[in-house]
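Colleague: What follows is the residue order along each chain.
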Amino acid sequence: MRAAIVDHPIDATGLMAEVARHGNGATVLFVGTVRDLNDGRPVNGIEYSAYRSMAEREMADIVREASEQFATTDIVVEHRTGLLELGEASVIIAVAHSHRGAAYDASRYVIEQIKKRVPIWKREHYADGTREWVDPTSHRVAAGAGR
Amino acid sequence: MTVTVLLFASYAESLGTHSMRLDMPSGATVADVIGHVRGLPGADRLPSAPLVAVNERYARGTRVLEPGDEVAIIPPVAGG
Numbered sequence: 001m002r003a004a005i006v007d008h009p010i011d012a013t014g015l016m017a018e019v020a021r022h023g024n025g026a027t028v029l030f031v032g033t034v035r036d037l038n039d040g041r042p043v044n045g046i047e048y049s050a051y052r053s054m055a056e057r058e059m060a061d062i063v064r065e066a067s068e069q070f071a072t073t074d075i076v077v078e079h080r081t082g083l084l085e086l087g088e089a090s091v092i093i094a095v096a097h098s099h100r101g102a103a104y105d106a107s108r109y110v111i112e113q114i115k116k117r118v119p120i121w122k123r124e125h126y127a128d129g130t131r132e133w134v135d136p137t138s139h140r141v142a143a144g145a146g147r
Numbered sequence: 001m002t003v004t005v006l007l008f009a010s011y012a013e014s015l016g017t018h019s020m021r022l023d024m025p026s027g028a029t030v031a032d033v034i035g036h037v038r039g040l041p042g043a044d045r046l047p048s049a050p051l052v053a054v055n056e057r058y059a060r061g062t063r064v065l066e067p068g069d070e071v072a073i074i075p076p077v078a079g080g
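Taken in sequence, the protein lines are chains A and B.
Going by the numbering used here, 48 is the number at position 48 of the first sequence; the sequence numbering is gapless.
Going by the numbering used here, 63 is the number at position 63 of the second sequence; the sequence numbering is gapless.
If you're looking for bench data, these hints aren't it; they were derived computationally from the structure.
Beta carbons: idealized from backbone N, C-alpha and C, even for Gly.
Among the hints, a few may not be true.
[As the list claims (entries may be wrong)] Short derived list, chain A residues pointing at chain B, Cβ under 8 Å:
1) 49
2) 54
3) 117
[As the list claims (entries may be wrong)] Simulated restraints on C-beta separations:
4) 132/A with 17/B: 26 to 36 Å
5) 135/A with 39/B: 15 to 25 Å
6) 45/B with 1/A: 15 to 25 Å
7) 45/B with 112/A: 25 to 35 Å
8) 60/B with 129/A: 18 to 28 Å
9) 17/B with 14/A: 32 to 42 Å
10) 42/A with 58/B: 33 to 43 Å
11) 58/B with 33/A: 38 to 48 Å
12) 112/A with 68/B: 27 to 37 Å
All chains should be modelled from the sequences, with the hints used to inform the complete structure.
Modeller: Structural data, given as C-alpha cells:
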C-alpha cells in the first residue's frame with residue numbers, strides 16, 4: 001500500500017509492477033487525465049496544487065480503508081501537482097486482487113474518496129487566456145452527471 | 001497564544017498570502033479564527049463555515065485550539 005503526491009509525470013507501468021503478485025488474478029489501473037473541455041469551455045491545461053502533508057495522510061487513510069473493505073494490500077496511488085497539459089495523467093490508481101470484482105470496487109472507492117476528501121485544488125487554464133479555480137460544489141446541478 | 005493559519009488556492013489568492021500567524025486568546029476555537037480571518041481585507045470569498053483542518057485532520061468549528069496549532073482553511077477540494 002502506498003499513497004503519494006508527486007510533482008513529476010506518473011509512471012503507470014511502475015505502479016502496476018508495484019502491486020503485482022502471483023496470487024493476484026486481476027489488476028485494475030485507473031488513470032485520470034486532463035480533458036480539453038469543462039462545462040463547455042475549452043481548456044488548455046490544469047494547474048494542480050495540494051496541502052501536501054495532509055493530502056498524503058488523507059490518501060494513505062483512504063488506501064487503508066479500501067484495503068480493509070476489499071481485502072487486498074496491493075493498492076498504490078499517486079496524484080500529481082503542478083501544471084499539466086491536455087492528456088497528461090493527474091492521478092493513477094493501481095489495485096490488484098485475487099478477483100476482478102473487488103479490484104474494480106476498491107479502485108472506484110479510492111478515486112471517489114479522493115475527490116471528496118483530499119485537499120487538492122485545480123486551476124483550469126482556458127483557451128481564451130483566463131484561469132479559474134474549480135469549485136465542484138458550485139455547479140453540481142448545472143454540470144449534471146459530470147461527477 | 002499563537003496559531004498558524006494556512007491558506008490555499010482561491011483563498012490564498014484572495015487574501016494575498018499562504019500563511020499567517022495569529023495571536024488568539026486561550027480557549028479560542030476554530031470558529032474564532034475563521035471569524036478573525038474573515039475580517040481581513042480580501043476575505044470576502046471566504047464562507048462563514050469553510051472546511052477546516054487542525055494539524056492535518058478535518059475539524060469542527062467548535063474545536064478548541066492549543067498553542068502552536070496549525071489551522072488550515074480548505075477551499076472546496078477538486079482532486080482527481
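Colleague: List, from low to high, the hint numbers that the structure doesn't satisfy.
Modeller: Failing hints, ascending: 4, 6, 8 and 11.
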